[in-house]
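Protein sequences, first through last, are from chains A and B.
Numbered according to the numbering used here, the first sequence spans residues 17 to 211.
Numbered according to the numbering used here, the second sequence spans residues 17 to 211.
There may be inaccurate statements among the hints.
All copies of an identical chain are treated as equivalent in the list; a pair is satisfied when it fits inside any one copy or across any two copies.
Here are the simulated DSBU-like pairs of lysine-lysine, each with C-alpha atoms no more than 35 Å apart in a straight line [unchecked claim]:
id, residue 1, residue 2
1, K91, K65
2, K189, K39
3, K57, K80
4, K80, K97
5, K65, K185
6, K88, K185
7, K91, K57
8, K114, K88
9, K80, K205
10, K189, K114
11, K57, K88
12, K91, K166
13, K67, K97
14, K76, K185
15, K114, K39
16, K80, K166
Hints in this document: simulated from the structure, not taken from any laboratory.
None of the values given here were measured: they were computed from a predicted structure.
Protein chains: 2
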Amino acid sequence: MSTKLSNPQDKILASAEIMFASKRFHEVRMEDIAISAGVGKGTIYRYFKDKEELYAALLKDASKELMNLIEKAVKFEVSCKNKLIVILQTSINLFDAKPHLFDLILHAEAFQNTLVEFPWQQTRWNVIQLVESVFQQAEEQKEFSIQNPKESALLLLGGLRAIIRFGHKPRQKELCNEIVHHFLNGFSKSLPSAN
Amino acid sequence: MSTKLSNPQDKILASAEIMFASKRFHEVRMEDIAISAGVGKGTIYRYFKDKEELYAALLKDASKELMNLIEKAVKFEVSCKNKLIVILQTSINLFDAKPHLFDLILHAEAFQNTLVEFPWQQTRWNVIQLVESVFQQAEEQKEFSIQNPKESALLLLGGLRAIIRFGHKPRQKELCNEIVHHFLNGFSKSLPSAN
Numbered sequence: 017m018s019t020k021l022s023n024p025q026d027k028i029l030a031s032a033e034i035m036f037a038s039k040r041f042h043e044v045r046m047e048d049i050a051i052s053a054g055v056g057k058g059t060i061y062r063y064f065k066d067k068e069e070l071y072a073a074l075l076k077d078a079s080k081e082l083m084n085l086i087e088k089a090v091k092f093e094v095s096c097k098n099k100l101i102v103i104l105q106t107s108i109n110l111f112d113a114k115p116h117l118f119d120l121i122l123h124a125e126a127f128q129n130t131l132v133e134f135p136w137q138q139t140r141w142n143v144i145q146l147v148e149s150v151f152q153q154a155e156e157q158k159e160f161s162i163q164n165p166k167e168s169a170l171l172l173l174g175g176l177r178a179i180i181r182f183g184h185k186p187r188q189k190e191l192c193n194e195i196v197h198h199f200l201n202g203f204s205k206s207l208p209s210a211n
Numbered sequence: 017m018s019t020k021l022s023n024p025q026d027k028i029l030a031s032a033e034i035m036f037a038s039k040r041f042h043e044v045r046m047e048d049i050a051i052s053a054g055v056g057k058g059t060i061y062r063y064f065k066d067k068e069e070l071y072a073a074l075l076k077d078a079s080k081e082l083m084n085l086i087e088k089a090v091k092f093e094v095s096c097k098n099k100l101i102v103i104l105q106t107s108i109n110l111f112d113a114k115p116h117l118f119d120l121i122l123h124a125e126a127f128q129n130t131l132v133e134f135p136w137q138q139t140r141w142n143v144i145q146l147v148e149s150v151f152q153q154a155e156e157q158k159e160f161s162i163q164n165p166k167e168s169a170l171l172l173l174g175g176l177r178a179i180i181r182f183g184h185k186p187r188q189k190e191l192c193n194e195i196v197h198h199f200l201n202g203f204s205k206s207l208p209s210a211n
């Protein structure tokens, strides 16, 4: 990271990430980002046309990082249950390590023109598709069977979002394990009188 | 609704709701809301000090409506499983009937100063608490038993959010029934070789 930050573009992105997360979009000025990054006002415009472009670049970076980490983690797992666990774990780890990222997404989405897809949307679809493909693989290797893959993936990942955002911290060690276990087998423990 | 809208305050709120949902916050002018509501510029300021106050009022109205509808629906159900189903169904119905509401929440949250709780947050906690209290009641009447009520409520409601936002429309008739069924009993159908 420190070697990367000798690059002006990365310095700008690092400063912008912090400023965008703590201020309203229209309160952040390109000049302030330049000052905080220790680069000249001319330099910042050489890399980014305007704030929208900076924002999009930040989210693109984070998105690439998340997908790389997830794909790497999934590759090492044999069972589909474990694949789901590491998808969840990798996402929680990244968001916990980058507490600004959630706000950044929220801001980007709210500021976005409703007609244009905002920069994080593709990442969402990618993760949803990955989860669906794990479901399909589980079916093929007869590990487990999910009736409505699309809807179930939405429910699992929407639930994950709520945990990332509002869940207890520090995270319990077995959190992702338990979420996936309960997702597959039910959140209700069987009671003798349950029907 | 039509009798309600003879009131200038309600006319202003109805116009503001549509404008805030389709434009960026700083692009919406109080004057334009006044024109669209058919009231004078002075009138709008008699009711709302500024845009923030208007926004907060809109979300407070929607929040009150959602909680009223949910509480009414829950009261008529005996089984806790059905209580969960109607909580989900009522939420989906309201958001589907008010397609602007989701954007409004998203905008309000993004524009909010991070130190102040934004107007929809209390509604979130209220619904989470209601779901937790249904879990507790289910335990008491030995209907089903949820191990981690707080975390499970977050997962169920986070999943619901994803379905409201990205789920297939028109909604399947049995959608909420199926979500709750799978939430309680697992999204995986048992396979003979499953372990």
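How do K80 and K97 come out at 35 Å by Cα distance, when the copy is not named: within, between, both, or neither? within (24 Å within a copy, 40 Å between copies)
At 35 Å max between alpha carbons, let me know whether K80 reaches K205 within a copy, between copies, both or neither. Cα proximity of K80 and K205: across copies only (34 Å, versus 38 Å in one copy).
Classify it for me, K76 with K185: is the Cα-Cα distance of at most 35 Å met within a copy, between copies, both or neither? both (27 Å within a copy, 29 Å between copies)
For K67 and K97, with the copy left unspecified, which applies at a CA distance of at most 35 Å: within, between, both, or neither? neither (41 Å within a copy, 48 Å between copies)
As a check of your reading, is K88 near K185 (CA-CA no more than 35 Å) within one copy, between copies, both or neither? both (25 Å within a copy, 34 Å between copies)
Intra- versus inter-subunit Cα pairing at 35 Å for K91 with K166: This pair counts as both: shortest intra-copy Cα distance 22 Å, inter-copy 32 Å.
Checking K114 and K39: alpha-carbon separation at most 35 Å within a copy, between copies, both or neither? Close inside one copy (16 Å) and across copies (29 Å); limit 35 Å.
Under a CA distance limit of 35 Å, which applies to K57 and K80: within one copy, between copies, both, or neither? within (28 Å within a copy, 48 Å between copies)
How would you label the pair K91, K65 (within, between, both, or neither) given a Cα cut-off of 35 Å? neither (38 Å within a copy, 56 Å between copies)
With 35 Å as the alpha-carbon cut-off, assign the pair K80 and K166 to within, between, both or neither. Classified as both; 23 Å inside a copy, 32 Å across copies.
With 35 Å as the alpha-carbon cut-off, assign the pair K57 and K88 to within, between, both or neither. neither (38 Å within a copy, 58 Å between copies)
I want to check one pair: K189 and K39. Are their C-alpha atoms no more than 35 Å apart within a copy, between two copies, both, or neither? within (33 Å within a copy, 43 Å between copies)
The structure shown violates the earlier hints numbered 1, 5, 7, 11 and 13.
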